[in-house]
Amino acid sequence: MEKYAVYVPRLVQKKEKFAPGHRACIGCGEALAIRLAFKALDNNVVVANATGCMEIVASQLPYTTWHLPWIHTLFENTAAVASGIEAAYKVMRRKGMPVPTDTKVVAIAGDGGTSDIGLQALSGAMERGHDFVYICFDNEAYMNTGIQRSSATPFGAATTTSPAGKKSIGQFSWKKNMPEIAVAHNIPYVATACHSYPFDLMEKVRKAAAIKGPAYVHVLSVCPTGWRSATDTVIRLGRLAVETGMFPLYEVENGKYKMSLNIPKLRPVKDYLKQQGRFRHLSDDIIQKIQDRVEIEYQKLLEKAKYGSKTTKRKSRAGAGKVPA
Amino acid sequence: MTTRVGIEVSIAVADAVRLTNTDVIAAYPITPQTHIVEHLAELVANGELDAEYIPVESEHSAMSACLGSAAAGARTFTATSSQGLALMNEVLYVASGMRLPIVMAVANRALSAPLSIWCDHSDMMSVRDTGWIQIIVENGQQAVDNVICAFRIGEDRRVLLPVMVHLDGFNLTHVIEPIVLPEQREVDKFLPTNKYPLPLNPDKPVAMGDFAPPVIFTEAKWAQEMNLRDSKKVVLECWDEFYKAFGRMYKPVEKYHSDGAGIILLTIGSVGETASVAIDELRADDENIGQVRLRLWRPFPFEELRQAVKDAEVLIILDRAISFGGPGGPVASEVKAALYNQVGRPKIVSFVGALGGRDITVAGFKNMIKKGIEIARTGSKNEYEIYGVRE
Amino acid sequence: MAKSESELTWRDMEIGCIVTEPGGARQYESGTWRSQRPTYDFKKCIKCGICQLFCPEGCIEPNQDGYFEANLFYCKGCGICARECWPRVIKMIEEEEK
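Chains as they are written, first to last, in the numbering used here: chain A, 1 to 325; chain B, 1001 to 1391; chain C, 2001 to 2098.
There may be inaccurate statements among the hints.
Going by beta-carbon spacing under 8 Å, a handful of chain A positions derived as facing chain C [claimed, not checked]:
#: 1; residue: V12
#: 2; residue: Q13
#: 3; residue: E16
#: 4; residue: F18
#: 5; residue: V234
#: 6; residue: Y257
#: 7; residue: K258
The calculated DSSO-like cross-link candidates involving lysine-lysine, where the alpha carbons are at most 27 Å apart (straight line), are [unchecked claim]:
#: 8; chain 1: B; residue 1: K1336; chain 2: B; residue 2: K1381
#: 9; chain 1: A; residue 1: K212; chain 2: A; residue 2: K90
#: 10; chain 1: B; residue 1: K1204; chain 2: C; residue 2: K2003
#: 11; chain 1: C; residue 1: K2003; chain 2: C; residue 2: K2043
#: 12; chain 1: B; residue 1: K1233; chain 2: B; residue 2: K1204
#: 13; chain 1: C; residue 1: K2043; chain 2: A; residue 2: K274
#: 14; chain 1: C; residue 1: K2043; chain 2: A; residue 2: K14
#: 15; chain 1: A; residue 1: K176; chain 2: A; residue 2: K306
#: 16; chain 1: B; residue 1: K1189; chain 2: A; residue 2: K95
#: 17; chain 1: A; residue 1: K104; chain 2: B; residue 2: K1195
#: 18; chain 1: B; residue 1: K1381; chain 2: A; residue 2: K95
#: 19; chain 1: A; residue 1: K270; chain 2: A; residue 2: K176
#: 20; chain 1: B; residue 1: K1255; chain 2: B; residue 2: K1310
#: 21; chain 1: A; residue 1: K104; chain 2: A; residue 2: K265
#: 22; chain 1: C; residue 1: K2091; chain 2: A; residue 2: K14
#: 23; chain 1: A; residue 1: K207; chain 2: B; residue 2: K1204
#: 24; chain 1: C; residue 1: K2047; chain 2: A; residue 2: K95
#: 25; chain 1: B; residue 1: K1204; chain 2: B; residue 2: K1251
#: 26; chain 1: B; residue 1: K1195; chain 2: A; residue 2: K90
#: 27; chain 1: A; residue 1: K14; chain 2: B; residue 2: K1204
#: 28; chain 1: A; residue 1: K90; chain 2: A; residue 2: K104
#: 29; chain 1: B; residue 1: K1195; chain 2: A; residue 2: K95
#: 30; chain 1: B; residue 1: K1221; chain 2: B; residue 2: K1255
#: 31; chain 1: B; residue 1: K1310; chain 2: B; residue 2: K1381
#: 32; chain 1: B; residue 1: K1204; chain 2: A; residue 2: K15
#: 33; chain 1: A; residue 1: K258; chain 2: A; residue 2: K304
#: 34; chain 1: A; residue 1: K90; chain 2: B; residue 2: K1221
#: 35; chain 1: B; residue 1: K1366; chain 2: A; residue 2: K90
#: 36; chain 1: A; residue 1: K176; chain 2: A; residue 2: K274
#: 37; chain 1: C; residue 1: K2003; chain 2: A; residue 2: K14
#: 38; chain 1: C; residue 1: K2003; chain 2: A; residue 2: K166
#: 39; chain 1: A; residue 1: K274; chain 2: A; residue 2: K300
#: 40; chain 1: C; residue 1: K2091; chain 2: B; residue 2: K1221
Because the hints were derived from the structure by calculation, they are not lab data.
Glycine included, C-beta positions come from ideal geometry on N, C-alpha and C.
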């Protein structure tokens, strides 16, 4: 994150491209995240939106919240639609047809529309190398349909389709690591972000839009309705998610990992979990399990970041027959 | 006017797309459409067609990419068959609901299960309600001509709808037929450039795909229906202009010795040409029989059909698809519905046959017609007859 | 003047239900949702704009004195601005019945 003076929002675009008057819940973190993300971009974008919270709250006929060209078709095909728009602009430009130059295609979807039903289309679009930005706004469940679990729901979270009960601790699987899946496609830029770090989020979206080729940004979006937390704790919960290591902020540029924040010691996950109703039922040993897992995954990430920065050094040692650390 | 050459129909269809200067092609392979998308890939790779070729990862994504491309204002094409058509089913409704002009060639193939790569019309019948304009062709020349017309029809400002051109898988796609490929300058004259009125463009932002609450949904759907119905006159106009430019005439219902015939056989697809030979042979034996074939499937040509069969006493319909547990032959059930209120309507005998690639020969058709006449006379306890099953 | 939803006929529908007016949703008064409302002690306000940055509605604007204030037409009363305002200018109070 650049060293901006954080208290100078005059650096931020005034224009609201995602206008007030939308029907998101009171205190919606995702609406905030979208607002911020699009302040990082100019007007020369086309938005392809998946079905989900942000699509529904913004698009009740005959009105729209958006001040940008926007298309919504279905739930799982955002990346495919974005591919079609990108290809069309490319060929139309080549044939001298009247299309604006340098228009960026931005595909936005929720966690369900990205890591579950939308995974195939995203994988295909990334593999084909289309020049577009894909932003996943992750509120960790299918919120729009009523808080059902998705593969992005964290372990132990209670949702309506993974409720806590006598025979269940809530979500039974670990959160699917979408940024890693994106990295595995060898795309030029992958980043994680959160609305609680607004300048970091905006810088990452700006970077993603500036590169040529597919870019993936995964934005944690706190949902007070679905996470059962107070509406005013949205920013705070985002910070806790990052500070406990449950949602680390990092970038991967051409395979090279870079942590966005230096956190010398992670806060205990309990600080984050206890503020949310969806984790209220967790016993101490489940919390410990989550703690252990978070520490392992965070360590793995730190290793990757370290490895990346040591590449040139390693090259000179390779001849000496040393084994990499 | 160019010469007739022997050319595989799939290759000819791909060449027709090249002639239209299509901008974006989204392609996912499925037998028996593969030769179409393969040849298109070659044309693009060799620079003979300046287009973006998107090798998508599924048919659902193929049609979705077409949505994006058409919304941006590009001329868009794709092709598929049976399973692919079924997989992209939800996207088809979106394409017509959002009024995005896309042209798709469907190589008709049976739907699983059991898996069959061979020709029947179950895939075509599964997309009747999707709101697309649908044209059925019977030979290679018709395929080429109607792919070109499809772009003109779909992109017309009064229409703005996606168009399907149905051609039989294998029976057409993989056969070599004598075809006249129009010249580039003739097609350029016939086909105007695509000017989608409200494309995605930052200079003039629009929002496509809003959701409709109950208070507005019916109006949205009725607007779509009225538009599809009104597009029929654009189809007829296009075929008229095509005739003037290229000398080949197409009509929504094509008649073969059916005027004044007491018995009429109704077919769709390439079987129609085999059936015509049977009709000729029967007529040589003084049988008062004719044939009618549907060229325009959607919007359904009610007036033309009613006019074509008004003097017949018996109408025998061959379907190459079954509506399980229901009225059996889908074409027959639609024709029955169209004729229900007509005074003096013919007796209708519905046959389902030639499923999953099984051929009906000329002799087979004569046999079927004979059976049909008999059933019309005596009546039957069956809703429809299955032709050619080994019992 | 634009018709309301319940007055639109099928002929009024744009092609494919495309919406051609950007930001038309601004006419929706989301402020009717709130059960609490921000109040301000502007003496403490340092005009940092953090509240504007963090508002999910994007309805906080500088008023004529330059102090950032929520537009009550849209404000849903989430309280994020009050929580994040570190000089403690903003306090949320119960919204009264009109």
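Now the hints, each set against the structure:
1. V12: holds, 7 Å
2. Q13: At about 11 Å, which exceeds the 8 Å cut-off, the nearest Cβ of chain C leaves the hint on Q13 of chain A violated.
3. E16: Holds: closest Cβ of chain C sits about 4 Å from E16 of chain A, inside 8 Å.
4. F18: Holds: closest Cβ of chain C sits about 7 Å from F18 of chain A, inside 8 Å.
5. V234: Hint on V234 of chain A: holds, closest Cβ of chain C at ~6 Å, below 8 Å.
6. Y257: violated, 28 Å
7. K258: violated, 24 Å
8. B:K1336 - B:K1381: With Cα atoms ~17 Å apart, K1336 of chain B and K1381 of chain B stay inside 27 Å; holds.
9. A:K212 - A:K90: holds, 13 Å
10. B:K1204 - C:K2003: holds, 22 Å
11. C:K2003 - C:K2043: violated, 45 Å
12. B:K1233 - B:K1204: violated, 31 Å
13. C:K2043 - A:K274: At roughly 36 Å apart (the allowed maximum being 27 Å), K274 of chain A and K2043 of chain C break the hint.
14. C:K2043 - A:K14: holds, 24 Å
15. A:K176 - A:K306: The hint holds at about 23 Å.
16. B:K1189 - A:K95: Judged against 27 Å, a Cα distance of about 18 Å means the pair holds.
17. A:K104 - B:K1195: OK: K104 of chain A and K1195 of chain B at ~22 Å, within 27 Å.
18. B:K1381 - A:K95: Violated. K1381 of chain B to K95 of chain A sits at ~62 Å, over the 27 Å cutoff.
19. A:K270 - A:K176: holds, 21 Å
20. B:K1255 - B:K1310: Measuring from Cα to Cα gives roughly 13 Å; hence the hint holds.
21. A:K104 - A:K265: violated, 39 Å
22. C:K2091 - A:K14: holds, 25 Å
23. A:K207 - B:K1204: holds, 26 Å
24. C:K2047 - A:K95: violated, 50 Å
25. B:K1204 - B:K1251: violated, 40 Å
26. B:K1195 - A:K90: Holds, because 17 Å separates the two Cα atoms, which is no more than 27 Å.
27. A:K14 - B:K1204: The hint holds at about 20 Å.
28. A:K90 - A:K104: OK: K90 of chain A and K104 of chain A at ~11 Å, within 27 Å.
29. B:K1195 - A:K95: holds, 14 Å
30. B:K1221 - B:K1255: Distance of about 33 Å is beyond 27 Å: violated.
31. B:K1310 - B:K1381: holds, 25 Å
32. B:K1204 - A:K15: holds, 17 Å
33. A:K258 - A:K304: holds, 8 Å
34. A:K90 - B:K1221: violated, 33 Å
35. B:K1366 - A:K90: violated, 55 Å
36. A:K176 - A:K274: Holds, because 22 Å separates the two Cα atoms, which is no more than 27 Å.
37. C:K2003 - A:K14: At roughly 31 Å apart (the allowed maximum being 27 Å), K14 of chain A and K2003 of chain C break the hint.
38. C:K2003 - A:K166: With a Cα-Cα distance of about 54 Å, the restraint between K2003 of chain C and K166 of chain A is violated, given a limit of 27 Å.
39. A:K274 - A:K300: Holds, at about 25 Å.
40. C:K2091 - B:K1221: Violated, because 49 Å separates the two Cα atoms, which is more than 27 Å.
Hints 2, 6, 7, 11, 12, 13, 18, 21, 24, 25, 30, 34, 35, 37, 38 and 40 from the list above are not met by this structure, while the remaining hints are.
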